[in-house]
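Undergrad: These are the residues of each chain, in order.
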Amino acid sequence: MQATSPARAFTTKKQFYAQFKKKSIAHELWLRFLKNKTAVIGLVIFCIIVAVAVAAPWLTSYDNVVIKMNIGDRLQHPSMVHWFGTDELGRDILARIVYGARVSLLIGFSAIFVSLVVGLVLGGAAGYYGGKIDSVIMRAMDVFLSLPDVLLALAIIAAFGNTKVNLTVAIGLAFAPKFSRVVRSAVMGVRDNEYIEAARSIGAVDWRIIARHVLPNCIGPIIVQVTLYVANAILTIAALSFIGLGIQPPTPEWGNMLASGRTYMRDFPHIVMAPGLAIFFTILALNLLGDGLRDTLDPRLKH
Amino acid sequence: MDAQQNTLEIKNLTVEYVVDDEIVHAVTGVNITIPAGKTFGLVGETGAGKTTTALSILNLLPAPAGRIVSGEIAVNGQDVFKLSPKQLLAMRGSQVAMVFQDPMSSLNPIKTVGEQIAEGMKIHRGVSDKEALVQATNMLELVGIPGSRVTEYPHQFSGGMKQRVIIAIALACNPDLLIADEPTTALDVTIQAQVLKLLRELKDNSRMAMLMITHALGIVAEVCDYVGIMYGGRIVECGTLADIFDNLRHPYTRGLFDSLPDIENRRAELKPIPGLIPDPMNLPPGCAFHPRCAYAKPECSRDFPQVRWLSDTHYVSCHLYNETLENML
Amino acid sequence: MGEILLEVKNLKKYFHVAAGTLHAVDDVSFKLEEGRTLGIVGESGCGKTTLGRTILRLIEPTSGELTFHGKNLRKLNTSEMRYMRREMQIIFQDPYSSLNPRKTIAETIEEPILLAGLIPDSDKRFMRVLDLMDTVGLAQRLINTYPHELDGGRRQRVGIARALAMNPKFIVCDEPVSSLDVSIQAQILNLMKTIQRDMGITYLFITHDLSVVNHFSDDIAVMYLGRLVEKAPAEALFQEPLHPYTEALLSAIPVARIHNRPERIMLKGELTSPINPEPVCRFAARCTRCMDICTREEPPLIEARPNHFVACHLHQAMGG
Chain A
1 MQATSPARAF TTKKQFYAQF KKKSIAHELW LRFLKNKTAV IGLVIFCIIV
51 AVAVAAPWLT SYDNVVIKMN IGDRLQHPSM VHWFGTDELG RDILARIVYG
101 ARVSLLIGFS AIFVSLVVGL VLGGAAGYYG GKIDSVIMRA MDVFLSLPDV
151 LLALAIIAAF GNTKVNLTVA IGLAFAPKFS RVVRSAVMGV RDNEYIEAAR
201 SIGAVDWRII ARHVLPNCIG PIIVQVTLYV ANAILTIAAL SFIGLGIQPP
251 TPEWGNMLAS GRTYMRDFPH IVMAPGLAIF FTILALNLLG DGLRDTLDPR
301 LKH
Chain B
1 MDAQQNTLEI KNLTVEYVVD DEIVHAVTGV NITIPAGKTF GLVGETGAGK
51 TTTALSILNL LPAPAGRIVS GEIAVNGQDV FKLSPKQLLA MRGSQVAMVF
101 QDPMSSLNPI KTVGEQIAEG MKIHRGVSDK EALVQATNML ELVGIPGSRV
151 TEYPHQFSGG MKQRVIIAIA LACNPDLLIA DEPTTALDVT IQAQVLKLLR
201 ELKDNSRMAM LMITHALGIV AEVCDYVGIM YGGRIVECGT LADIFDNLRH
251 PYTRGLFDSL PDIENRRAEL KPIPGLIPDP MNLPPGCAFH PRCAYAKPEC
301 SRDFPQVRWL SDTHYVSCHL YNETLENML
Chain C
1 MGEILLEVKN LKKYFHVAAG TLHAVDDVSF KLEEGRTLGI VGESGCGKTT
51 LGRTILRLIE PTSGELTFHG KNLRKLNTSE MRYMRREMQI IFQDPYSSLN
101 PRKTIAETIE EPILLAGLIP DSDKRFMRVL DLMDTVGLAQ RLINTYPHEL
151 DGGRRQRVGI ARALAMNPKF IVCDEPVSSL DVSIQAQILN LMKTIQRDMG
201 ITYLFITHDL SVVNHFSDDI AVMYLGRLVE KAPAEALFQE PLHPYTEALL
251 SAIPVARIHN RPERIMLKGE LTSPINPEPV CRFAARCTRC MDICTREEPP
301 LIEARPNHFV ACHLHQAMGG
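Protein chains in written order, with the numbering used here: chain A, 1 to 303; chain B, 1 to 329; chain C, 1 to 320.
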């Protein structure tokens with residue numbers, strides 16, 4: 001307890017930090033994640049799907065192959081030329097699957113991003129403040145939760161028109177109440193810790209406490225829900241497109257590919273199997289990934 | 001049965017935990033003997049190995065991580081490790097009963113206390129439902145709770161009363177050995193006094209032996225006949241109450257007593273033990289206490305000291321006593 | 001006699017629960033001098049934890065006066081109170097939940113300084129963090145460790161460093177050593193005493209452990225079911241406890257001695273409910289010396305001996 005500081009080897013923060021490095025929490029979690037085999041499989045499959053979707057423009061030409069009709073080549077079974085065969089308009093199915101991935105992933109993630117933002121704000125407020133604010137927000141969310149996702153998205157599209165943006169927002173809003181619930185319970189779990197009270201005692205204002213102390217400690221369950229809801233969103237997009245209300249042909253989307261291939265299913269099963277399997281593997285990958293993340297981030301297993 | 005037989009005999013017990021490919025030496029070479037009607041206090045701080053020792057008695061170690069490496073445990077002369085699962089099950093609750101620290105999580109919230117007390121009786125003694133209820137009522141009275149409360153649920157009782165209910169459940173089948181793991185730590189001090197008085201009365205009025213695990217020397221002085229001081233998985237000093245309180249020898253034991261505020265002399269500065277409690281995954285070599293010991297010598301960091309018997313009842317493991325039995329502290 | 005730093009008058013904190021009104025803190029009054037330590041003792045449900053937080057307005061009082069350094073705390077608005085908190089800090093009980101698991105200990109200790117804007121320069125601020133770590137006995141190499149890498153004793157030291165960061169005059173210590181092992185408790189208590197001596201800090205030391213409070217406090221106040229039942233200098237309290245509850249409490253302390261053990265005074269029954277209590281002595285149901293008047297009237301807190309206050313019908317006022 002000297003009045004002046006003792007002599008120090010370094011004088012800047014940077015020097016100290018260089019010598020005594022921070023242990024990376026992320027690195028440790030990554031190692032733990034890797035131990036979970038099914039989770040790794042999920043991640044690998046998902047990465048392949050994403051990589052394929054991103055590389056689509058280099059792999060094939062959109063206008064010539066994906067959209068352009070080629071009646072002469074129609075309904076061909078899988079072969080060395082067309083790996084997944086061709087559809088009823090002669091287009092290469094593999095190319096369409098690849099581009100379909102772009103649509104599904106883009107809209108799926110964007111929609112969930114919308115949900116996340118809304119969910120963080122509403123769920124965060126409800127969880128942190130409790131009381132009347134909590135009641136009001138949660139009752140409002142309950143109203144939306146009582147409607148099935150597809151129906152809600154449908155209603156919004158029917159009211160505002162069928163565009164990609166509207167579709168994204170519609171699905172985003174459909175999932176927002178669910179997210180609010182998740183965020184709220186995560187926040188309530190963290191709120192009663194003494195370090196939150198400590199933050200107040202040292203003079204932090206509410207927004208800072210929520211942003212710096214509460215939310216960083218809630219990330220676990222939220223990330224898990226993100227992956228699982230993206231899967232749901234993709235399924236919802238496919239369902240909407242299947243009934244004709246989502247992505248319209250000729251834009252390829254797995255759901256509308258299923259719809260148009262229905263009539264030919266019996267003799268040319270490859271037309272529906274390809275998009276069906278694409279949906280299946282994407283959802284599977286996201287679910288395995290989500291479960292793996294949940295296990296990795298489970299606080300009970302920590303330390 | 002031999003009348004001189006000890007209720008509990010633990011010989012050379014060594015227990016390990018395997019965690020993420022690393023071995024934790026939780027308990028090493030522990031010996032505990034408890035004759036009928038006596039209480040043994042196992043004293044130590046966090047990570048010393050007390051709870052692991054207790055769980056080993058009934059083979060309740062968390063599998064697959066916990067492994068009994070060597071040693072023998074005999075309850076009433078029966079080798080616990082040689083029992084079949086069925087025999088072990090029969091022993092738990094009837095010959096050996098356990099009371100844990102947290103009364104909140106030890107009681108089933110959806111069963112009445114009467115049902116929970118009676119459960120053991122029905123399993124082990126084949127008593128009828130009606131008879132069991134009568135006996136449960138008696139048990140409640142025994143622990144100082146009005147018998148009429150036998151039909152109430154755990155949430156209707158306070159913390160201290162819950163702990164007494166747990167003691168009643170433990171005693172329902174007249175066990176020969178009661179293992180109490182920090183039974184009063186979660187309780188207020190005035191309630192603790194009541195529970196300790198109860199335990200002392202039970203001890204005085206029956207032949208029940210008790211293994212009392214605690215970190216508080218004050219509680220030991222209240223209830224125990226014998227004391228074992230544990231550190232880093234080993235018993236470093238062991239003896240009768242008088243041996244330890246009037247003639248302690250191990251530097252850690254000295255440190256424990258010195259860390260306590262003296263009621264009589266409030267001005268005296270506390271003499272804490274410097275340093276940290278060792279991590280069981282990373283015990284110091286030789287004697288685990290040597291980094292914190294004011295009397296450490298070169299051999300302390302190399303070899304674990306042998307046991308030296310200072311009297312019929314009192315032994316210590318410390319290099320200070322290799323040559324002489326004089327008190328070096 | 002030093003200056004009065006904190007004055008608490010008729011402080012009340014009531015909670016509305018389904019069954020009625022819970023009197024957590026009921027009409028508590030005391031004065032605390034600068035540089036001294038007041039120990040608050042009591043068992044579960046006595047309201048000591050709520051008292052500590054209410055004084056800092058981390059929980060808003062229901063009624064009563066709080067005067068700190070001459071300022072009326074209850075009249076301050078949120079931002080004025082936040083400013084005031086630089087001088088009034090708190091050390092929490094649980095070293096595991098009182099530190100943000102996602103912040104390194106350097107970040108945790110730095111935060112109060114950052115928020116108060118006391119040291120704008122990043123490097124100078126960092127040096128102050130290192131100074132604080134020195135003060136509480138944490139090695140420099142630990143700056144970038146996370147709480148889960150440290151044991152309870154070290155975490156508690158981080159909590160103490162955080163409380164000291166803004167150079168407070170007053171610290172509420174809420175059971176600061178109860179969660180720690182015995183050999184570590186003594187280390188932390190010695191540290192806190194040294195800090196008090198060097199920095200002139202006033203402590204409000206809340207605990208249920210009587211042997212610790214005797215060692216650590218100048219004066220001790222005993223609470224029971226929200227009320228202050230006795231207050232006296234530590235030595236006086238231990239030598240001549242006036243309230244029957246204090247007597248029972250003192251006799252219940254487990255003493256680490258096998259000779260000359262004190263006689264135990266056993267209390268009857270259990271705690272009565274703090275919800276909608278009757279205006280009678282709340283200890284009456286369990287008191288071995290209960291008189292008729294105790295079940296009819298609530299005893300006021302009076303000065304029965306010089307500087308020794310008690311709320312009990314057994315004792316008259318000085319000279320009365």
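Simulated from the structure, these hints should not be mistaken for laboratory data.
This one's a predicted model, so the numbers in the text were calculated from it and none came from an experiment.
Some clues are possibly wrong.
What the hints assert, rightly or not - In silico DMTMM-like links for lysine to aspartate or glutamate, alpha-carbon gap of 25 Å or less: (1) C:K169 with A:E194; (2) C:K75 with C:E34; (3) C:K12 with C:E235; (4) A:K23 with B:D21; (5) C:K103 with A:D206; (6) A:K22 with C:E298; (7) C:K75 with C:E65; (8) A:K68 with A:D267; (9) A:K13 with C:D218; (10) A:K21 with C:D134; (11) C:K193 with A:E194; (12) A:K23 with C:E149; (13) C:K268 with B:D246; (14) C:K103 with A:D134; (15) C:K103 with A:D295; (16) A:K21 with C:E107; (17) C:K75 with C:D94; (18) C:K31 with C:D198; (19) B:K38 with B:D246; (20) A:K132 with A:E28; (21) C:K103 with A:D267.
As the list claims (entries may be wrong) - Per label pair, the in silico range of CB-to-CB distance: (22) A:R208 with C:G137: 48 to 56 Å; (23) C:K193 with B:I110: 44 to 52 Å; (24) A:I41 with B:I110: 34 to 42 Å.
Said to hold, decoys possible - Which chain C residues stay away from chain A? Per the calculated CB distances, all over 12 Å, these: (25) T21; (26) K103; (27) D121; (28) D123; (29) Q140; (30) T145; (31) D218; (32) H259; (33) P277; (34) L301.
Note that the Cβ used here is the ideal one computed from N, Cα and C, for glycine as well.
Undergrad: When the hints from earlier in the document are held up against this structure, which numbers fail?
TA: 3, 6, 9, 13, 14, 17, 20, 21, 22, 26, 27, 28, 29 and 30
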